[in-house]
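Student: Letter by letter, the chains look like this.
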Amino acid sequence: MTLAGRRVVVTGGSRGIGRAVVLACAREGAAVAFNYASNEAAAAETASAARALGAAVCTGRADVADAAAVAAFFAQVRADLGGPADVLVNNAAVTHDALLMMTGDAAWNRVLDTNLTGAFLCTKIALRGMIGGHWGRIINVVSPAAFLGKEGAGAYAASKGGLVAMTKSLAREVARYGITVNAVSPGLVETGLIAGMAPEHRETLQRRIPLGRLATPEEVAAAVLYLASTGASYVTGTTLHVDGGLTML
Amino acid sequence: MDRSDVRAEVKKLLIKGLRLTVSAQEIVDEAPIFGQSSEGTGLGLDSIDALELVVLVEERFNVTIGDEDTGKRAFASVAALADFISEAPAA
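Taken in order, these protein sequences are the chains called A and B. Going by the numbering used here, the first sequence opens with residue 1, and the numbers climb by one from there. Going by the numbering used here, the second sequence opens with residue 250, and the numbers climb by one from there.
Take the hints with a grain of salt, since some may be wrong.
[Claimed, not checked] 25 Å max Cα-Cα, derived SDA-like pairs, lysine to any residue:
1) B:Lys261 with B:Glu307
2) B:Lys321 with A:His134
3) B:Lys265 with A:Leu112
[As the list claims (entries may be wrong)] Here are some chain B residues pointing at chain A (derived, C-beta under 10 Å):
4) Gly291
5) Leu294
6) Glu307
7) Asp318
Hints in this document: simulated from the structure, not taken from any laboratory. Just so it is clear, CB atoms sit at the ideal spot from N, CA and C, and this is done for glycine as well.
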């Protein structure tokens with residue numbers, strides 16, 4: 001098991017990609033913690049599934065954009081799992097569909113606060129334990145929108161672009177402590193968000209993907225697992241594109 | 250613990266925690282912890298070393314160095330760090 005003895009924190013871990021990452025890490029022997037914004041039933045179900053895999057689990061309702069809530073959540077993780085996070089997966093994100101000129105200030109701030117500032121706040125706290133232990137893995141979930149842009153999602157694209165830049169800067173800062181910082185960029189993924197999409201729209205999107213289909217959450221989780229593993233010890237500051245060939249930089 | 254004891258503890262922490270090859274007697278209380286003074290005194294540590302020192306000081310002395318302004322003040326010298334620790338409220 002590649003993560004035996006490790007403590008993994010996943011933000012936004014109750015559903016979708018976050019849930020798949022939580023379960024993949026649990027399967028690999030990690031103790032797992034995740035926060036969720038509001039869906040307590042989904043969080044309880046994911047926690048139960050992780051426990052069924054033999055993992056110690058810690059969950060907490062916390063808004064990643066709220067510094068006090070983040071501090072309280074990480075204190076809870078330390079107490080419940082017996083130490084600080086070894087691996088942090090910054091996955092929590094929101095989006096807002098609007099052309100940039102028509103994006104309201106509040107919507108812009110909400111997207112940037114959650115997707116970028118949230119990752120910053122969680123990373124700042126997690127780093128202290130990782131520096132103390134001279135080992136750590138930080139994995140930021142970004143998006144092809146960070147590299148290609150996306151009409152109607154300027155705030156989201158800006159937040160993910162910022163997260164890519166933060167990934168590279170931090171990778172340089174903490175490399176000497178044995179901490180790697182990378183990003184995973186999932187393309188279109190089979191999650192609840194996609195399920196409600198009109199079939200013709202979905203087909204149009206699929207035609208743009210060289211592999212011709214959407215990803216499963218488990219395929220994205222596999223990339224996160226790799227970056228969290230000792231096998232990725234010489235990989236830092238990069239983005240692993242798990243998008244069926246959509247981006248190909 | 251009085252301030253001279255805190256200074257001695259800080260020096261021990263610097264040497265052990267940051268794996269320095271100097272003795273406590275060689276560390277000048279007023280010399281900068283990071284970089285060098287104009288007189289050439291100082292430990293020659295860089296800003297990335299400061300990250301580990303933040304963690305070590307927070308854990309050993311139960312204080313919080315939460316931002317760069319606090320860090321600059323606290324890490325101006327061994328004497329400044331001892332003063333910061335002595336005056337800071339517990340985290």
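Student: So, for every hint listed, does it hold in this structure?
Tutor: Here is how each hint holds up against the structure:
For the given pair, Lys261 of chain B sits about 15 Å from Glu307 of chain B by alpha-carbon distance, which is consistent with the 25 Å threshold. Between Lys321 of chain B and His134 of chain A the CA atoms are separated by roughly 23 Å; this keeps the pair inside 25 Å, and the hint holds. Our distance criterion of 25 Å between C-alpha atoms is broken by Lys265 of chain B and Leu112 of chain A, whose separation comes to about 41 Å. About 20 Å separates the beta-carbon of Gly291 of chain B from the nearest beta-carbon of chain A, more than 10 Å, and the hint is not met.
At a threshold of 10 Å, the smallest CB-CB gap from Leu294 of chain B to chain A is about 12 Å, leaving the interface hint violated. Because the beta carbon of Glu307 of chain B sits about 7 Å from the nearest beta carbon in chain A, less than 10 Å, this interface hint is met. The criterion of a C-beta within 10 Å of any C-beta in chain A is not met by Asp318 of chain B, whose closest approach is roughly 15 Å, and the hint is violated.
Of the numbered hints listed earlier, those contradicted by the structure are 3, 4, 5 and 7.
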